[in-house]
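Novice: These are the residues of each chain, in order.
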Amino acid sequence: AQTVTQSQPEMSVQEAETVTLSCTYDTSESDYYLFWYKQPPSRQMILVIRQEAYKQQNATENRFSVNFQKAAKSFSLKISDSQLGDAAMYFCAYRAINDMRFGAGTRLTVKP
Amino acid sequence: ETGVTQTPRHLVMGMTNKKSLKCEQHLGHNAMYWYKQSAKKPLELMFVYSLEERVENNSVPSRFSPECPNSSHLFLHLHTLQPEDSALYLCASSQGSDKNYGYTFGSGTRLTVV
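Those protein sequence lines, which keep their order, are chains P and S.
Number 13 in this note's numbering belongs to position 13 of the first sequence; there are no gaps in the numbering.
Remember, this note's numbering sits 1000 above the position in the second sequence when you count from 1.
I should point out that these hints are in silico values taken from the structure, not numbers from a laboratory.
Among the hints, erroneous ones may be present.
[As the list claims (entries may be wrong)] On the chain S side, residues computed to face chain P include the following (Cβ under 10 Å):
(1) Gln1037
(2) Val1055
(3) Leu1088
(4) Asp1098
(5) Tyr1101
(6) Tyr1103
(7) Gly1106
[Said to hold, decoys possible] Taking lysine to any residue pairs in the SDA-like style, the calculated list, with each CA pair at most 25 Å apart, reads:
(8) P:Lys55 / P:Lys70
(9) S:Lys1022 / P:Arg101
(10) S:Lys1019 / P:Lys55
(11) S:Lys1099 / P:Tyr25
(12) P:Lys78 / P:Tyr25
(13) S:Lys1018 / S:His1029
(14) S:Lys1041 / P:Lys55
(15) P:Lys73 / P:Ser42
(16) S:Lys1041 / P:Tyr25
(17) S:Lys1036 / S:Thr1080
(18) S:Lys1036 / P:Asp99
(19) P:Lys73 / S:Asp1098
(20) S:Lys1040 / P:Arg101
(21) S:Lys1099 / P:Thr3
(22) S:Lys1040 / P:Gln8
(23) S:Lys1040 / P:Thr20
(24) S:Lys1040 / P:Ser74
(25) S:Lys1099 / P:Glu52
(26) S:Lys1099 / S:Asn1017
(27) S:Lys1099 / P:Tyr32
(28) S:Lys1040 / P:Met11
(29) S:Lys1036 / S:Leu1088
(30) P:Lys73 / S:Gly1102
(31) S:Lys1099 / P:Ser22
(32) S:Lys1099 / S:His1029
(33) S:Lys1099 / P:Tyr33
(34) S:Lys1099 / P:Ala16
(35) P:Lys73 / P:Ala53
(36) P:Lys55 / P:Lys78
(37) S:Lys1036 / P:Thr60
Beta carbons: idealized from backbone N, C-alpha and C, even for Gly.
Work out the full structure, taking the sequences as your base and the hints as a guide.
Specialist: This is the structure we're talking about:
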């Protein structure tokens, strides 16, 4: 079974600085998709970025980018120029058929 | 509006009560999901419906009963719950059940069992 591990329960970053959130996963499949979701206090999970495993190029979405290391099964999220609105829980997820497996989450605090 | 609407937003119920959670999407998605989110734990998949048929039932106790009357609506019927069932219940939908489709989530129902 696929598992997703986020080893950082909490992270903190200064406004305008850069922070990296870690995620590792375990799978025997070669073709899969990975996602990062953000959950602010409003509770709604919002898609931040997604990565297709067969694509070597790392995905980017404005200030958000990933470092996808397929051999190491690592999928970290980098947030550049952090803003107060980035404060939230961040979840890494592995997409399987009929399911999405989530890590336990990392709570990101942004200091003004 | 996110596209996936969950009601009620908060629910407090006694262990002998019967209540239902509702989820609605008008995104034209074909798959819908119930997840349980407890503090400091990964989201737990409860049920999956694809094209209105239940395709996954993840060893959930029978006190939770899902219903999917059409592709836009999903219910979670609750009866004789336990205090440990208190959690945030999230509904999600996706265009399909294949791996390339991400989820759109609702804002959840915060359930407290007293």
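Novice: Can you list which hints this structure breaks, lowest number first?
Specialist: 10, 13, 14, 15, 26, 34, 37
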